[in-house]
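Engineer: I would like the entire structure built from these sequences, with the hints used as guidance.
Here UniProt numbering is used: the first residue of the sequence shown is 1, the next is one more, and so on.
Simulated from the structure, these hints should not be mistaken for laboratory data.
Any given hint might turn out to be false.
Below, a list of computed lysine-lysine pairs in the DSS-like style, where the Cα atoms sit at most 30 Å apart [what the hints assert, rightly or not]: (1) LYS103 <-> LYS73; (2) LYS70 <-> LYS109; (3) LYS144 <-> LYS73.
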Amino acid sequence: MRTGVEVGGTFTDLVAVDGDDIFLTKVPSTPSAPDRGVLEALSRSPGPLARIEDLVHGSTVATNAILERKGAKIAFVTTVGFRDILFLQRHDRLNIYDLAYAKPEPVVKRRDCFEVTERCDSQGRVIRPLDVEAEVERLLPQLKAGGYAAIAICLLSSYVNPTHERQLQAELMRRLPGIFVTGSADVSQEFREFERSSTTTLAAYVQPVIDAYLDRLSSAVAAQGFAGRFSVMQSNGGRLPSEGMRRNAIAALFSGPAAGVVGAVRQCGRSGVGNLIAFDMGGTSTDVCLVTDGRPGISADTTIGGLPVRTPVLDIETVGAGGGSLVWIDEGGMLRVGPQSSGAEPGPACYGRGGTAPTITDAHVIRGTIRPEAFLGGAMTIHVDKAHAAFEPIANELGMSIPAAAAAALRLAVANIVQAIQLVSTEKGRDPRDYALVPYGGAGPLLAAEVAEELGITTVVVTPNPGVLSAFGLIASDFSRIYARTQRFTVDDDTGEVIRAAFADLEQIARRDFATYGLGGELDFVLIAEMRFAGQAFEVPVELPLDALCRLDRHAVTAAFVAAHERIFFHAGLPNQKIEVVGFRLEVARPVDSLPKFRERPLGRPTAARATMSGEAGSFEAAVFSCPDLPTDETFAGPLLAEGFSSTLYVPERWSLTRDASENIILTREAT
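Structural biologist: Written as structure tokens, this is what we have:
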């Protein structure tokens, strides 16, 4: 049995696949102790845990530790003269119109920042040697007195010459047993000192938290008989054995959203859909990601809580437009949705757990796109009266009916989602009309057709069990790791040899690491060069063909870069303008042994033939279908609802659906 458990903001989802049998469940998340929700979900899985051969986990533990500032107390050690780098940051302002703007606070206090005497230049040449024993002896009293759980080390230019950093790391680990010591060369071997320092401190900040969490979870499942392989999802869309994740906790920062993208790619690939926009609308937020030719976009960095993180992540944009997002009126009298959320506790008003503020889920209940008797297969009670009561103040203030206020909130949520999709598509040179929209999460299929219509997209693909697709993506994901390093040079006649040498070095490191993880078998490689025109401040990722690596020369590299630059910026630079390579990224994957089948869970109850829905123009009738009972290759025209265990699909007028042989539901819009 293969099992994936994904912790979301509102629900913890489990998918278990055993041959042709599939089991899925959702339980409320427990934000104060996420492992409790995981164990509760596992307790409902079919059969004993001893039958699970492959357990994969995706969690928001690292994300929450940073956002809520509940990580470990850490110290920061850097080169003399650079103690304030985390506080100086960059000169840009995240909000240029905020007169009271303050830079994001680092996760380490200035009093916990220390310096060592050493210096390497940008080429890695030692300018001032490190006397490691003397420096550690000088620091030890302060480090011991500080009560630190972890230490982050980021020495100047250690991305090109990590010798001093590794010496310092080894000596501190020897002298301070039991304290985690994180070196920047193990986390982010790339230039830009502030970003590298920020990434290293964040990695150290969450390392004890992740280690303790995985230790508790591993011990708990082992006590119940689990003896299989336990792996954890990473932000880059691949997983690693839990032992590997304990050494690189920052890689788990966005594991939940990444798992959903993988699930969408795998399942849509069965229907021959490789160009897609993954649209995950869960309980607290909406995540969107562009996938071209079956490969999600990967960004070299991201931010969390305003702090930069220089680690490869799937190129995902997030907006506060989840099912639990609060609907409110601002000081100017304008209707707003999110980013605040009701979360798992107390949740939307219609859940009856104490929430009284209106949410997007309450709006769906009022519109009728969520039917109380169908929510979670009828296993959870939905209170229609409490949804209406929550929206009543909004409706009164806006001078409209409750159904009209709910419809306006849904339209606003659609607009927020459209903006997020444009960030990953049109703003990066991609036309969303060339892609299929793939909604998932409990709330995604409810708004998918309306989002697609706003973007001019004419095809929507809805997978089986979209409400738990992220949990399926966990067990469908490959084992993966991305290696990045800075290596700056101008493209010239020696470029081919330099690239081949860099690939050979990174490949050797990757094969060694995967052997350490106990992952045998063939590895797949993708080599990306980070390139720019001389004088530019930021880079364009350019994939280099490994099948033709032996023939790669300056002309081929130049042509590949110019094409990528023109697609994004609509110009190819000036004639004879110098081109630079500033670094490489090697994406390494050990493919999953086999892709499990994924189909709808039977509802085990009859579904009403029709339902009454309401909107701004009044009430109307919609047909109601059961997703597991939909026949293959038959077309049904909207308006209709297609209900499954984990979500409901709303098909408005001018749209129709067909279920294909891969059990995906394909929505198409009538030509106008």
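Engineer: All hints are to be evaluated individually against the structure, with a verdict given for each.
Structural biologist: Structure-based check of all given hints:
no.	hint	verdict
1	LYS103 <-> LYS73	21 Å, holds
2	LYS70 <-> LYS109	14 Å, holds
3	LYS144 <-> LYS73	12 Å, holds
The structure meets every hint from the earlier list without exception.
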